[in-house]
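Peer 1: Now for the letters of each chain:
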Amino acid sequence: MKELLKTIASELVNDPEKVSVKQIDQGNTTVLELSVAPEDMGKVIGKGGRRAQAIRSVIKAKATRDGKRVIVDIVD
Amino acid sequence: MSISVEKTGRNIQEAIQAALDELNLSEEEVVIEVLEEGDEGGILGIGRKEARVLVSIEDEPQIYYGDDEDHTSDPGTEEEVIAVEFVSKVLSGIGVRGNITSYSEEETVYVDVSGKDVGAVIGRHGETLDAIQYLANLVLNRHTDDRKRVVVDISGYRKRREDSLKSLAVRTAEKVIRVGKSYEMEPMNPAERRIIHFALQDFPGVTTFSEGAEPERCVIISPVKE
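Protein chains in written order, with my numbering: chain A, 1 to 76; chain B, 1 to 226.
So here's chain B without its partners, still in its complex pose (with noise of 0.2 Å):
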């Protein structure tokens, strides 16, 4: 539920002012649209007309929690919660606005974002996602005795990303027994690598590795010399 308050001044920023002492909201907390620009008038205020603002209260992220299949509203467990609770003040602090799910498998907590303009807290090739999911395994980690796992998406990326990874695995694999030669992959964070290993480790013919440093890290794919 949003609330908005219409207000005039003599100038917009009077009637901005007005509006914010009445919410007790500064200026960040709110979306300010301006109505009327006003005009302040000539000499002795021939001409002039009131500015009008209306300002209003952001809804808050819509939350609930529930399982995978049908997103029925069960609790959750408290670690869900913890979890939910640190994504969804991130997400709002950001700016974004969505619907957050969590389920749980085993030691694993996910977390899905999904929402209209969700994409712009991804980053670019998922850096802040991970930055996110990062956080929210040390404050779920503060929060628990046990050692959790939290896995965070937004939209699908990562179920995409690792469906991309495996087909580019495959196809750069492909070339490496046809030309002979090791290829190196496009730098890429842990989880990523581990996608491309495991894509490979059954494939016959290449062998992989990572070589460099972090965060130019990166897998060579090479071919297995029989």
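The following block holds chain A by itself, in its conformation from the complex (with noise of 0.2 Å):
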């Protein structure tokens, strides 16, 4: 799941080096916290939260074939 969001992440921003995710398991719950440059916090972001949805649809999907709960959070 941690792959996945860094690999997604790292298509959309401009410098995918500084991409990196924390994963915190909780339970049955995992938290994915996604860190990038802070010029390349709009390019997960998008306008109105677009980009963030459509991450975390894709991550969505990847937790409920694990049978996992999933958050994502974009952290600065």
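Calculated directly from the structure, the hints in this document are not laboratory data. There may be inaccurate statements among the hints.
Said to hold, decoys possible - Straight line, CA to CA, 20 Å or less: simulated DMTMM-like cross-link-like pairs of lysine to aspartate or glutamate:
| no. | chain 1 | residue 1 | chain 2 | residue 2 |
| --- | --- | --- | --- | --- |
| 1 | A | Lys-6 | B | Glu-28 |
| 2 | A | Lys-43 | B | Asp-130 |
| 3 | B | Lys-89 | B | Glu-29 |
Claimed, not checked - Some but not every residue of chain A turned toward chain B, in silico, with C-beta under 7 Å:
| no. | residue |
| --- | --- |
| 4 | Leu-4 |
| 5 | Glu-11 |
| 6 | Ala-54 |
| 7 | Ser-57 |
| 8 | Val-58 |
| 9 | Ala-61 |
| 10 | Lys-62 |
| 11 | Arg-65 |
No residue lacks a Cβ here, since even glycine has one placed at the ideal position from N, Cα and C.
Take each chain as given, in its own frame, and dock them per the hints.
Peer 2: So this is what it looks like as structure tokens:
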């Protein structure tokens, strides 16, 4: 799940080297904290959060397959 | 082609670790099959049985580029390669394997996915499919100067959805005329609303428009008062 998030985010930003994902498992729930270069925040959030929403949809599909719940946070 | 390693160990975890060390991979990157659970035995290891596991690397998705007609392998345009590579990364990341074909028509790159369990990535009302398509559009337009559009379809879902929306539109329009009252359809995304509007634009006796805010925006079919 972590790798998938990293892959997608890296494809969207200008500075893929600054993309990192922290994974925190709490029982059946996984929290993924995505951080990117400050200039790239807009690239992963998008207008009205549309990009973030699309990223969450894809990660959710993966989580559902794994029988897990996932929360994707974008942190700065 | 898949690679597998069979290992034994005092317990399952040790056997898995030995295999992972040899493959130089982490547990998330492989498929583990326990062949024998093993038994650590009693005091002094009496009755001990080694655990045995088979650790394999899952097959990479089979990717080929082809045109719509006969799927012969032509190399595909630069745009097709970018779009297919992105979709392929996302699908393998989610954990489904399938074939991906692509073709281009004017400004649109079509990426078609087919395979055994690819239905899992369509999502409710095609939500996941739409997300993958949206992201593929962003990625493609980062790499190219002129704007291209990517349409991603999985197991013919879009085509089937379009057909069922068209017939739903016609059935609903007939009902609206019969009853003489407006009817509000379920919320749909812009592409789906467009299909409804388009299907009924020449349908006599009704008019269509959209109302409400996304994502609850929906098409209303109204009778035309003569």
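Peer 1: Flag every earlier hint the structure violates by its number, smallest first.
Peer 2: none
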